[in-house]
Amino acid sequence: MLENNEIRAQIDNRNETVGKKIREAEMSKVPFMLIIGEQEEKDGTVSVRRHGEGDIGTLTMEAFAELVKEEVKNSLKPFNV
Amino acid sequence: MIKITLPDGSVREFDSSVTPMDVAKNISEGFARNVISAKFNGTTVETTTPLTEDGTLVLYTWKDDEGKKAFWHSSAHILAQAILELYPDAKLWVGPAIDRGFYYDVDMGDNVITDKDFKTIETKMLEIARGKHDFKMRSSTKEEALAYYKGRNEYKVDLVEGLEDGTITFCDHDTFTDLCRGGHIPNTGIVKAVKVMSVAGAYYKGDENNKQLTRIYGVSFPKQKELKEYLELLEEAKKRDHRKLGKELELFTFSQKVGQGLGLWLPKGAALRSELENFLKKAQKKAGYEMVISPHIGQKELYVTSGHYAKYGEDSFQAINTPKEDEEFLLKPMNCPHHCEIYNHKPYIYKDLPKRYAEFGTVYRYEQSGELHGLTRVRGFTQDDAHIFCTPDQLDQEFKNVIDLVMYVFGSLGFDNFTAQVSLRDPEKPEKYIGSDENWYKAEAAIINAAKEKELNYVVEYGEAAFYGPKLDFMVKDALGRSWQLGTIQVDYNLPERFDLTYKGSDNELHRPVMIHRAPFGSLERFIAILLEHTGGNFPLWLMTEQAILLPVS
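Those protein sequences? They're chains A and B, same order as listed. When we follow this note's numbering, the leftmost residue of the first sequence carries the number 1, and every step to the right adds one. When we follow this note's numbering, the leftmost residue of the second sequence carries the number 1, and every step to the right adds one.
Chain B extracted, bound-state conformation:
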């Protein structure tokens, strides 16, 4: 007998070699009908894999991300089979599941696939799907695998060469066989709707010196209705594309002369921006923040001290020189070093804290031109930045106050659906992080307490903290169901150390304050882009820079 632990903590006993699907049926027949993939002890398995030891089993349906992954991965196999049946000379390389669907990279030889062929491929895929062929995994020796592909597919030969003997598996369904690590739905029949979305060129191994293969993108669903809804959503997303709306509503523009990734705010956009700024300023004033202003550049030394030079120096905008030799300035990639020096302008005692300095600070970071996208990825952007300097004992309360502020901001702008991620240390590797254990425990406990008390819907991720402190990030879901990372709250033990920030405690000794970085919007550029796509340009009435227009008829 083996013991299987389920996600709810319950333990069930089974004969050895029970399959995940058997376990699902044991839970309920109805549930089992929806189960399409499984993870055993953290590893993806087939629903038909015999389990031979005690362990934790998670069963997934289409509703789960893992379920979708298996569904789309399996659909990539069906696509590959359809391609080979329609184009017998095609050579397959790899075909993974992606965020929304799947693709397969194929060497089409002399054939070219265009939009006109999509329908034929879809029909073929559905014909295969309807056969309800089981996906069956089998192990293979390296020798067998090489023999299978030699002379007919050099891409797969290369893949097999890179694998260790004993780890090689194939997946068979119907007449089709593919080198595969596993993670499939039970059979092809579960796929009821498919759509070939697009084709694109993709270099073999991503290297532009190699041959260009054809990447065929597709998406599939367990119901025709869901495909229809998905396509409608895509259509709606196109209409709400912030680049398109920004142009139509005359909010912002870009100019090749000014430079890529540097947004230009038009009068209506600038008015919208200042409306948002005023809204946040008002709330922040109530919450005890003070506005500060710092310049757009700083001496190179400043960023060497802060450590930002090591991170942004080489790969970002290069130093600005002056007529004086050895004098170098950098465009600021972050506002925090300036704010640390603002803190340092005078000595503090514990009663002076917390200090909360806020600034709409514009920062500049170089991004590859291929990475730029409208206002969501730019080279200059304005953070709704603030830094809170407090004693370790104040951290708890300050963190809660920041969460209140962030939730107020989201609520006022109509983002009702959000989750939070709490990023903590990797408990196995304490040496990766700076700051004392005691302070880390305090900060981590403060974040978790705050998240609990504020009834956030949160997940804890170990090992995701920055080296200088734990953090809490907010993810919002927009009206089209897409997730965006917005506000962030980060605890920092590093900069107070590097800038030698102090305050005098009640014991008359000097202590280090703790620093909190926080930005509810993240950046105004990105936030406005997301808000545009969320609302389609129909902002809440209070934010509309033009609420009414009078049209005299006579």
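The following block holds chain A by itself, in its conformation from the complex:
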């Protein structure tokens, strides 16, 4: 889903506690943390944390992809000659 939208994302599948994973993701300054628990998995949503802002709510994957695409579009305009 994210790949199709050209969003560069990784999955942290390591056998570590969530606390540790969050701390490390925080350290690496990755802009969005997508936490997927049982409820989210059932609903097809993700709980989104923004670096430096914290929790910004639960979104569908589509809505999240749209959010990222929108911000990229706004910060990187095409170069017009």
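Check the hints yourself; a few may be wrong.
Unchecked claim - Computed from the model, here is a short list of chain A residues facing chain B with C-beta under 8 Å:
hint: 1; residue: Asp12
hint: 2; residue: Lys21
hint: 3; residue: Ala25
hint: 4; residue: Val81
Claimed, not checked - Computed footprint of chain A on chain B, listed as stretches where at least three residues anywhere in the stretch have a Cβ under 8 Å from a Cβ of chain A:
hint: 5; stretch: 272 to 286
hint: 6; stretch: 397 to 409
hint: 7; stretch: 527 to 541
hint: 8; stretch: 545 to 552
Just so you know, the hints here were simulated from the structure itself, not pulled from any lab data. We put the beta carbon where it would ideally sit given N, CA and C, even for glycine.
For chain A, the structure is supplied; the task is to place chain B on it using the hints.
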């Protein structure tokens, strides 16, 4: 009566021996309260110096760089007085203002100053400052000056020996006297906050065979609040140090085995770098650039032809020899000679131009190990280089196009605050520069037109051009208010001559193309370092090599 011209061009008449402070009060009492230093006809004067002839007067407040310089220079006097009151045997040498603050070099004799003494020195300085003592300049004969210092301070005696009689001045405030050229704020009371920052060893006259003196660094402000903000900024700058962030984010590393000043890019750093390269490649493709690739070495002859051997040969990496005698290669210090030879691979007519050759070209220049600093001063770095070969008539348009590209790059990366410096010839010394007068006029006019049309915030500096052509440099301000020189655009009449570059004009005659060197980033190493310190590692989302991370809980 004398006529005083102010920076806005207005002229006011005063009785002779009016002081800069009187002029400030004449402008407005409110303004005068903030004036702390002045320049008259280009020379720094005291705000109390009587003016006796017509001239141009610039008045400075704390907000101006000249104002800060006077403020910190005066603070160095206060520091010196505090040191002498606390350590009567100390001997002063010199104490200038620096970029951020000031220092004083002192022979402390048997005493040692450590962090624990800073507070005492600061308290003493503030006590002196609160006395609101006027800084008063007075002239002295060489004889008097020598008599004053003989037997008590050999460093000052040496300084006086080097001065010409008739030019020697002292500055007095409170009980303190110092040999001084001038440039003070009106009184010590303006200094409201001081901080001793650090101490370091400094050899007398910078010569390691001489005695080591103690250099005491300090900073001071007209408001306590500004000192607090400054210290917070320093703290933030430490957190954002690109060397620290580079390590934490696993972007790059250095290895003593590989060699000092040779950055090693780790996977995440390499990904970031290629993201930046792709971003620029895409924009450059639109702007009509073509990518080229050239090797990392070239025959020595190449650099003798280009003139770079004279500049980088002796002091840089030495020639690479081969089994064949007399064959010598050099690591390239610049990409331009290679690009000139790329241009030379075939003949051109005027309709073929401009040619715009771009390359992320890695160059090597030897730097003293003491000069190396993280990724900002290295021995090998990759320029986002390009060379544009065009007719003199195309220069105007090409220059504007390059400015558009540079501004696009800065805007996309969040550098919104930048200024430009246009460097032109010294009009008094045309013989210092190569290329015809006509071409210089054309190029200088092209740069100024482009800067004006693109509404750049620019200053013109005469005499700052390279011998081979005028240039435009961009300075950006980062999030912490620090200035960095980034992109540069340079016109070059020299290399086309040296490499005998030509094109056939509409008149069927051969002509020399003009060459433009340009690099919006400067170098990828330096740019990434600055970007790290500007953003603290929180790059714009489009540049993040990892935009999101999925954390499954179950």
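Hint-by-hint comparison with the structure:
Residue-level restraint check for A/Asp12 holds (minimum Cβ-Cβ distance to chain B is 5 Å; threshold 8 Å). With a cut of 8 Å, the hint placing A/Lys21 at the interface with chain B holds, because the nearest CB-to-CB distance is about 5 Å. A hinted interface residue such as A/Ala25 counts as satisfied when its beta carbon comes closer than 8 Å to some beta carbon of chain B; here the least separation is about 5 Å, so the hint holds. Interface restraint check: A/Val81 against chain B, minimum CB-CB distance 5 Å, threshold 8 Å, status holds.
With 4 residues having a Cβ less than 8 Å from any Cβ of chain A, the stretch 272 to 286 of chain B passes the three-residue criterion, so the hint holds. Residues of the stretch 397 to 409 of chain B lying with their CB closer than 8 Å to a CB of chain A number 4, which satisfies the three-residue condition for coverage. With 4 residues carrying a beta carbon less than 8 Å from a beta carbon of chain A, the stretch 527 to 541 of chain B meets the three-residue requirement, and the given coverage holds. Figure legend: the stretch 545 to 552 of chain B, annotated as covered by chain A; annotation consistent (8 residues with Cβ-Cβ distances under 8 Å, at least 3 required).
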